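Fit chain B with the ligands to the supplied structure of chain A, relying on the hints for placement.
Number of protein chains: 2
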Amino acid sequence: MGYDKTDELAINTIRTLAVDATFAANSGHPGAPMGMAPVAHVLFNKFMTFNPKNPGWANRDRFVLSNGHGCMLQYAILHMFGYGVSIDDLKHFRQVDSICPGHPEAHDTPGIEVTTGPLGQGFANAVGLACAQAHSAGVFNKPGFEMFTNHTYMFFGDGCAMEGIASEAASAAGHLQLGNLIAIYDDNHISIDGDTKCAFTEDVTMRFEAYGWHVQWVKDGDHDLQGIEDAIKKAKEVTDKPSMIRLTTTIGFGSKLQGTGGVHGNPLKEDDCKQVKEKFGFDPTKTFVVPQEVYDMYHKHASEGAAAEQEWDSLLEKYSSEHKDLGADLKRRLTRKLPEGWQEKLPVYKPSDKAIASRKLSESVLEAIYEAVPELLSGSADLTGSNNTRWKNAVDFQPPSLGIGEWSGRYFRYGVREHAMAAMMNGLAAYGTVIPAGGTFLNFVSYAAGAVRLSALSHQRVIYVATHDSIGLGEDGPTHQPIETLAHFRALPNFMVWRPADGNETSAAYYVALTSQNTPSLLALTRQNLPQLEGSTIANGIKGGYVALENKDAHITLVSTGSEVSLCLEAVKYLKDNHDVTARVVSLPCMEVFDAQDKEYRLKCIPDGIPALSVEVMSTLGWEKYSHEQFGLNRFGASGPYKDVYKKFEFTPEGISKRAVATIDFYKEVKPLRSPLQRAFLQLI
Amino acid sequence: MGYDKTDELAINTIRTLAVDATFAANSGHPGAPMGMAPVAHVLFNKFMTFNPKNPGWANRDRFVLSNGHGCMLQYAILHMFGYGVSIDDLKHFRQVDSICPGHPEAHDTPGIEVTTGPLGQGFANAVGLACAQAHSAGVFNKPGFEMFTNHTYMFFGDGCAMEGIASEAASAAGHLQLGNLIAIYDDNHISIDGDTKCAFTEDVTMRFEAYGWHVQWVKDGDHDLQGIEDAIKKAKEVTDKPSMIRLTTTIGFGSKLQGTGGVHGNPLKEDDCKQVKEKFGFDPTKTFVVPQEVYDMYHKHASEGAAAEQEWDSLLEKYSSEHKDLGADLKRRLTRKLPEGWQEKLPVYKPSDKAIASRKLSESVLEAIYEAVPELLSGSADLTGSNNTRWKNAVDFQPPSLGIGEWSGRYFRYGVREHAMAAMMNGLAAYGTVIPAGGTFLNFVSYAAGAVRLSALSHQRVIYVATHDSIGLGEDGPTHQPIETLAHFRALPNFMVWRPADGNETSAAYYVALTSQNTPSLLALTRQNLPQLEGSTIANGIKGGYVALENKDAHITLVSTGSEVSLCLEAVKYLKDNHDVTARVVSLPCMEVFDAQDKEYRLKCIPDGIPALSVEVMSTLGWEKYSHEQFGLNRFGASGPYKDVYKKFEFTPEGISKRAVATIDFYKEVKPLRSPLQRAFLQLI
Ligand SMILES: [Ca+2]
Ligand SMILES: [Ca+2]
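As they're listed, the protein sequences go chains A and B.
Letter by letter, the first sequence follows residues 18 to 702 of this note's numbering.
Letter by letter, the second sequence follows residues 18 to 702 of this note's numbering.
The following block holds chain A by itself, in its conformation from the complex (with noise of 0.2 Å):
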């Protein structure tokens, strides 16, 4: 024990790379590395088991930094650790197609764990590692053989601290009592806009506290190593609560303008950089100078992790043998394959059977596969009874002292906590042992958009069951009714939007959304009953969209999803009857999907020659590329009885055949008449 020059060093060596890095990139934020420097020492060398030469170790120690503008710290801990993070990769700080982007993202560099730096994200995806941890100890630890035993450790400033995100999911850990979960909170009293007694003067202590956190305060996170040590020793010591540590820095510690809001957001300057180096023993003239003997004592610590994790590899092969099935699975699961044959308990549907609210196909399928998908966990954000997101034997994921559920459990009741559930989530997803479900009403995924986009951004595979999706819900009216949201997700990159139209494309949307490893998907499912269709298979349905009534003498083409593909079917019949207009009719489950398909099978959807008239019951936004026409709604839906608002709006197979008939009439005399799939040039991907 103790702390000697050697850690003093250290730490300096952090504040100095933090400096040069931000200084050489012109941009970027010191503040919170040379703030943070001591507490990222102690806790990286003295707490933290990892092997930089395996990042995906399964059963690491987890670092999030929530105040992910901090990044420069992480990066130049996991340069000295020896990550493959190099000092040249350190000089690039900020530039294009560089490891070291302006906040910290997963699957740039090795060693990030979560992509953080929208504030109070990383809080949140912590707690979903911690809770992961928790689940999967309870799933595979047994006695001589705990398998799963790591902490996660998150460092979060004031801005997370004011974040609701961070609140919500400071609630829900506290509930959990993840006593897994430490987290240091930078107690430096300034945010951008100056101190931050400007707007946050609670007492923050308090709050956790009433959160049902176990809270310490570290007076003088500047200096004292030893009590940051103690406290985290501490911290650990508590099993049945999460821990926050207040650890009260100076922001810039070494700067000229340490303590003040000056540090926060912008480099140093040149004098300034050379007056630290001085105060801290470094020869001003140089830059990225990580001493020999800081390597040689992070390469150490670094080595330990690295015999740490071979010994857990041996244990595993030894779990393997005294548990058998076990044992498979778990290795099974760090490959992030599906177990063989998973795909053939889908519900697959005929045409005659019954009518069924997509909500209740999706709960069909977890009821169907969560024997045969282990490592499928499902939730809801208060709304299980509406989500459909429990199988009927579930058992929830709790603390076993509250006596109503285990930490085995794959059910959970996130709350009413859209936010925290998506950034948790990601959290769970990253861990690499689970796939997280979650549900929530589309509407309400809104309040959840920050997290949403995390999952898209960090390729995380996490699936939103976001039920209630249209008008169709009916009463609750345009306070609940999505208009903009499946426009909004579907202009977000490396994300899937399902809008099944039955069964089998619920199917089908499940499929792919759990075997897309770095994909996450929303599944817009219906609060009323749809029938199911003639040409929909589970084969079809994951092509992202096919023709579910070809004719071949078709004046037009119908491009429709969910719950507006059966309305199209029923205008078919009524255009022929009533126009003497032949339609056919192309259910389009997933955009995203689909646009992957090969053009030769999307133009056979949406062939040249006829007008195509889109039909969906919200923004018509973005339809235009699917479409020549767009039936839609650009305005806020109604309170009443679904059907009553689909008539108000139109949305009966008159409606449709009237826009259909516009639409021949208007695309008559234009030659060439291309599909709107010919594009003059490739988008950028």
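The set of hints was computed from the structure by calculation and includes no laboratory data.
Incorrect hints may appear among the rest.
No distinction is drawn between identical chains; accordingly, a pair holds when it is met within one copy or between any pair of copies.
DSS-like mimics (lysine-lysine), calculated; alpha carbons at most 30 Å apart, straight line [unchecked claim]:
(1) Lys-688 / Lys-63
(2) Lys-253 / Lys-317
(3) Lys-688 / Lys-569
(4) Lys-664 / Lys-642
(5) Lys-642 / Lys-685
(6) Lys-286 / Lys-664
(7) Lys-569 / Lys-362
(8) Lys-251 / Lys-317
(9) Lys-621 / Lys-642
(10) Lys-409 / Lys-286
(11) Lys-642 / Lys-569
(12) Lys-253 / Lys-348
(13) Lys-296 / Lys-409
(14) Lys-688 / Lys-675
(15) Lys-377 / Lys-286
(16) Lys-341 / Lys-621
(17) Lys-642 / Lys-665
(18) Lys-660 / Lys-593
(19) Lys-371 / Lys-286
(20) Lys-675 / Lys-642
(21) Lys-354 / Lys-560
(22) Lys-236 / Lys-371
Computed from a predicted model, the values in this text were never measured in an experiment.
Leaving out everything else, chain B with the ligands in the frame of chain A:
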């Protein structure tokens, strides 16, 4: 004082009306109205001052039902006190075109202050309403003239308490010491998933104390009317803190299912309806009954409110003669019209003026007009220096005791609380005397999506100042660079998305935003400098789109916004020099406003006969409406100096030109080549 049979009768009338209306609608939430009827009765009849004949009276007490699903409580009360809500309206609860929709909507129903239902929104709206009162009192109250004295009362439930937005708003309200705000927490231990013990076990009382609130607990909210009265009275006496009254109630009080989730979101069964009525001494065979003595009692209170308004009106007249300018200003503000001639102050630019970032152009607008438009408030979610939202002499809105501002201050330090900021702005706007503008990065407006949607739905004049609007923000990288954001908000009905290209367009954006009384606006503004354009004028800008560079022999129209317009103008030269192609340029700063121009004008901008290529450095979704081909960014951005990032994605004159040539080529043979503005039929509005 004291409560008698009539009070009990009134309370049970509220309950039976809620039972009848939800039963008739076969949908809705009887539980909360039945549980909260006692407190609603005491509050409305003993404390609140209002005039049902003029729901818009400026100094009325405000009431917000944050748990908006309980709206039958509010509709029943409004009806019984004599607002413009008839028994017949109650009978049409949750029917199409009823003024009693499934959740309360401010613009639909007289007496509803703000649109709630999405949980937590009303909580933050109430904080905004209380801020508006404190500010209006700070500005207008003078010795002997207490023009603004009203309180804001708000009910919230467990769901609201779990939502991050309410946490953010509660923290802000505590900081702001809003003594005029009294929140009543319906502590009934039930949410949709059942007992709150499954997800919500924190100590809510302690949490609110941590925020700096005054907290009381009334343990028998079902019966203890005197206790409720005492608590509200006490809360009113505390003038330097917001008050929270934890009121333990029985959800669905009176029903066979009282105290369970079964009564939360479903009507009572027929026999239970009867049973309830019998229990309360009502005729079980009758529905929608309001005893005359209840009407009498409530109408008496209402007439006291009418008298109070009359008194206030007289006071206003006296005030107007003693404080001429303030009186005139107040009267004008209540008409919602801006001061005569204010728009003369808007900055005007010449092409020779220097290049300036549009976030700074926005700052110049605020600097230029803040004196002329005293009702304009500004603020930021802790990004003041980056959003450029603060004019130089601004005074902060703060409780004077903090020594860093005044109640009359016009600059809000929202803290890192985007969602609460947006919902507080909805409350500020709903108060009627101010116009709020608030800043954050465009990417983080998504954190506030739930509240932004309600700005639009509830017709609030709110301005979102959204800086750092694209990959042009550079080094902060993909976590901060909007891709899907504008598509999202363009798909939102009744919402103006502005992306000005230069100074005159920025002035135009503010002009339209400030003069649109019923539509919120978002201004997407750059971090990087933009040149002043040749064809740009305020008069052009306020049309939402105009020809920035005309050429009657053009082969192509380039349609663009914001920072890409000047790039397009460079591309015009490049096209001429390198491809002998002639191009014209249309700047389209606001699609929603452009759509409102007559067709002839719009077709002059984007004409028939030549193809149009859109150029905007984010999702192309929706651009098909204004162009034949789209150049955008349907992937996440990159961290680096912004010019390098633009280059990486080919957003250069050369990159644009390449696509322009491909577009011209592709459309050569199509006849007639119609403008994308030509449509087969009109959309529903
Ligand atoms: Ca801070
Ligand atoms: Ca409740």
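Taking the hints in turn, this is what the structure says about them:
In the homo-oligomer, the alpha carbons of Lys-688 and Lys-63 never lie at most 30 Å apart, since the shortest distance is 73 Å inside one protomer and 74 Å across protomers. Taking the shortest alpha-carbon separations for Lys-253 and Lys-317, only the intra-copy value of 23 Å comes in at or below 30 Å, while the best inter-copy value is 63 Å. In this homomeric assembly, Lys-688 and Lys-569 come within 30 Å of each other (Cα to Cα) both inside a single copy, at 19 Å, and across copies, at 24 Å. When the C-alpha separation of Lys-664 and Lys-642 is checked against a cutoff of 30 Å, the pair qualifies both within a copy, at 27 Å, and between copies, at 26 Å.
In this assembly of identical chains, the alpha carbons of Lys-642 and Lys-685 lie at most 30 Å apart whether taken from the same copy (20 Å) or from different copies (20 Å). In the homo-oligomer, the alpha carbons of Lys-286 and Lys-664 lie at most 30 Å apart only across protomers (29 Å), although the nearest pairing inside one protomer, at 66 Å, exceeds that limit. Proximity of Lys-569 and Lys-362 under a CA criterion of 30 Å is satisfied in neither setting, with 35 Å inside one chain copy and 63 Å between copies. For the homomeric pair Lys-251 and Lys-317, the shortest alpha-carbon distance inside one copy (25 Å) is at most 30 Å, but the shortest distance between copies (63 Å) is not.
Taking the shortest Cα distances, Lys-621 and Lys-642 sit within 30 Å of each other both inside one copy (15 Å) and across copies (24 Å). In this homomeric assembly, Lys-409 and Lys-286 come within 30 Å of each other (Cα to Cα) only across copies, at 25 Å, whereas the closest approach inside a single copy is 62 Å. Taking CA atoms no more than 30 Å apart as the test, Lys-642 paired with Lys-569 passes in both settings, with 22 Å inside one copy and 29 Å between copies. Taking the shortest alpha-carbon separations for Lys-253 and Lys-348, only the intra-copy value of 28 Å comes in at or below 30 Å, while the best inter-copy value is 62 Å.
Taking identical chains as interchangeable, the C-alpha atoms of Lys-296 and Lys-409 are never at most 30 Å apart, the minima being 64 Å within one chain and 37 Å between chains. Taking the shortest alpha-carbon separations for Lys-688 and Lys-675, both the intra-copy value of 23 Å and the inter-copy value of 25 Å come in at or below 30 Å. For the identical chains of this complex, Lys-377 and Lys-286 are inter-copy neighbours only, at 24 Å across copies versus 61 Å inside a copy, given an alpha-carbon limit of 30 Å. For the homomeric pair Lys-341 and Lys-621, neither the shortest alpha-carbon distance inside one copy (49 Å) nor that between copies (74 Å) is at most 30 Å.
With identical chains, the CA atoms of Lys-642 and Lys-665 are at most 30 Å apart both within one copy (27 Å) and between copies (25 Å). Taking CA atoms no more than 30 Å apart as the test, Lys-660 paired with Lys-593 passes inside one copy only; the shortest distance there is 23 Å, against 56 Å between copies. In this assembly of identical chains, the alpha carbons of Lys-371 and Lys-286 lie at most 30 Å apart only when taken from different copies (27 Å versus 71 Å within one copy). Taking the shortest Cα distances, Lys-675 and Lys-642 sit within 30 Å of each other both inside one copy (22 Å) and across copies (21 Å).
When the C-alpha separation of Lys-354 and Lys-560 is checked against a cutoff of 30 Å, the pair qualifies only within one copy, where the shortest distance is 20 Å, while the shortest distance between copies is 54 Å. For the identical chains of this complex, Lys-236 and Lys-371 are neighbours neither inside a copy (66 Å) nor across copies (50 Å), given an alpha-carbon limit of 30 Å.
Going through the hint list in order, the structure does not satisfy hints 1, 7, 13, 16 and 22.
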